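Student: Each chain is listed here by its residues.
Protein chains: 2
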Amino acid sequence: MTQTNRRWIYAQAPAGAIETGNFALNDAPVPQPAEGEALVRTTMLSIDPASRAWMAGATYRSKLEPGDVMAGWGLGEVVESRTPALKPGDLVSGEFGWQQFAAVPARHLTKHDPRHRPEHILSVYGITGLTAYFGLLDVGRPRPGETVLVSAAAGAVGNIAGQIARIAGCRVIGTAGGAEKCEWLKRDLGFDAALDYKAGGIYRQLKAAAPEGIDVYFDNTGGDVLSAALSRMNIGGRIACCGNVSQYDTATPAGGPAGVPGLLVTKRIRMEGFIVMDFYGRRRQAEETLARWVEEGRLNPAIDIVDGFDNMPAALTGMFAGKNRGKLLVRV
Amino acid sequence: MTQTNRRWIYAQAPAGAIETGNFALNDAPVPQPAEGEALVRTTMLSIDPASRAWMAGATYRSKLEPGDVMAGWGLGEVVESRTPALKPGDLVSGEFGWQQFAAVPARHLTKHDPRHRPEHILSVYGITGLTAYFGLLDVGRPRPGETVLVSAAAGAVGNIAGQIARIAGCRVIGTAGGAEKCEWLKRDLGFDAALDYKAGGIYRQLKAAAPEGIDVYFDNTGGDVLSAALSRMNIGGRIACCGNVSQYDTATPAGGPAGVPGLLVTKRIRMEGFIVMDFYGRRRQAEETLARWVEEGRLNPAIDIVDGFDNMPAALTGMFAGKNRGKLLVRV
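Protein chains in written order, with the working numbering: chain A, 1 to 332; chain B, 1 to 332.
Take these hints with a grain of salt, some might be off.
Heads up, the list lumps identical chains together, so a pair's fine if it works in one copy or across two of them.
[Said to hold, decoys possible] Lysine to any residue pairs mimicking SDA-like chemistry, simulated, CA-CA at most 25 Å apart:
id: 1; residue 1: Lys-267; residue 2: Tyr-60
id: 2; residue 1: Lys-267; residue 2: Asp-138
id: 3; residue 1: Lys-267; residue 2: Arg-141
id: 4; residue 1: Lys-111; residue 2: Ala-15
id: 5; residue 1: Lys-267; residue 2: Ala-58
id: 6; residue 1: Lys-111; residue 2: Val-30
Just so you know, the hints here were simulated from the structure itself, not pulled from any lab data.
In this text, all values refer to a predicted model and were calculated from it rather than measured experimentally.
Put together the whole structure using the sequences plus the hints.
Tutor: Written out as structure tokens, the structure reads:
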């Protein structure tokens, strides 16, 4: 075992958009697992939009502070165990942070079937896929024949949410940045329509793509797409609030959508935020369903892999610049 | 029967705040009921904040246009019937408009028990009471021991919503304009706390009154109280969106609350608009429950009666100026 734990430190709070200079590499000794913990060697790390929100304040976790090891989820192999629940060689996921080794309490680790591909464990069978599954089905509650809109549809959660809506018998519209991503959504992932928000006129585009209105909106972005969606929601519509990525990577977030609360009242809209952990009681069932869809070829887990631990900050800034398609992962 | 039908016409769209000059008196012949209709003589009319929203655009009804008889709900007596469902002398409510006589299809009229007081039929047993009942219980879903916030709590719907929350075993906080109304909410209606939004610092006041946060917010106002409530909602909180009265009486509505959608996500808040008519399938049951609470002295229907049909516009502008306490009615 190497004696060094290479880590990315969250060195400096971003002034506006996040930059690679906000992070610093640092070597530390490999941690010693305490009683009840396992030492894990990280093999793959997940890059998530929520990273930026963690820097802005307390969310479902406490605020990240400069000097902390950068937070993040990953997949790894147990190299030493001080818990009867795990043994060396086990494949586990958890919040390891951006580092090559982490000592983690067993109760915060999830053990995985090594027959699954690592990139699937961290995407469609992990938090990303479960977020799409529970957010769309339990919060959005689409019915067959309804029209579903998904923002950031080329992103990790969005592409899966849209594909699940299609499996549920809905007409699916996605928004994404750029004509190429829009083509990809339609051609490779079966979206019925895709709108390029960077081309402007999102309200007009949405009206043309959904002349009969929107029944369910899976909102990853907030901002202009949320405002446009509110104006096009049908009576009894549902908005599953998953994220607010349009407002994360800025020092000056915009105000809320003007249609709130007026349009919620006149159109009886339910707008509901959720956190995937609240649904973990039904996690196994959801994972099995997602796995069956992947095996049957009905769900295409779109994954974008970057090689090399040193590229973590660049992968994150690239995501906010809209470079990735689907789930962004770094092979450590 | 008099041969003249005195009517208030919605003469001119308000430039900003509504004024009595936006209405004009007009005499017309008494209408003839068609087959299936009843001719009703109006005895009492309801003054509602939604009036202003009807002028701004289509809501759950089409937009009011200058030249229309002003819209509004009322109570009256059938004077001529061309429907087997009703006979002269029957006490009925419906959307009569601001006029002394109306010919209305029987299916749009609700017959009432003449033993009830007219002002109760148009308040606690009518749309007002049902709005508070279904909005609080079905949309807000308070549990005993939770903290409930009601905005415009001295208003028609708000005072009943707050009293129902108290009956449901909750701690109840209301917002109102002015120290006198706040005192009245606590002394006469049993609110645990009342916050004067005109005194400023609503966020600070709310934090002091609800140190453990808000579980259910019954929102009649939108605006600053909604923003403050969002910041103080507990995880899993619910916001029943009943109205947006802070933004009705203006030509320049403010933007939406900045906490949407970010706080909805991190705190898993459900924010849901509703229209009372959607719950009419359970109307009788709700009316019986409300009537029992009134008879038992547990629910105090706060009513403010203005005398004289000629005072209709002044009653409406007075309501937006915050003059009334509880349900505002005009005796025709």
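Student: Give a verdict on every hint.
Tutor: Each hint tested on the structure:
1. Lys-267 with Tyr-60: between (30 Å within a copy, 8 Å between copies)
2. Lys-267 with Asp-138: Both: 21 Å inside a copy, 17 Å across copies.
3. Lys-267 with Arg-141: Answer is both; intra-copy 17 Å and inter-copy 20 Å each pass.
4. Lys-111 with Ala-15: Classified as neither; 38 Å inside a copy, 65 Å across copies.
5. Lys-267 with Ala-58: Intra 32 Å, inter 11 Å, cutoff 25 Å: inter-copy only.
6. Lys-111 with Val-30: Answer is within: at 22 Å inside a copy they meet the 25 Å cutoff, but 80 Å across does not.
Comparing the model with each earlier hint shows a violation of hint 4 alone; every other hint is respected.
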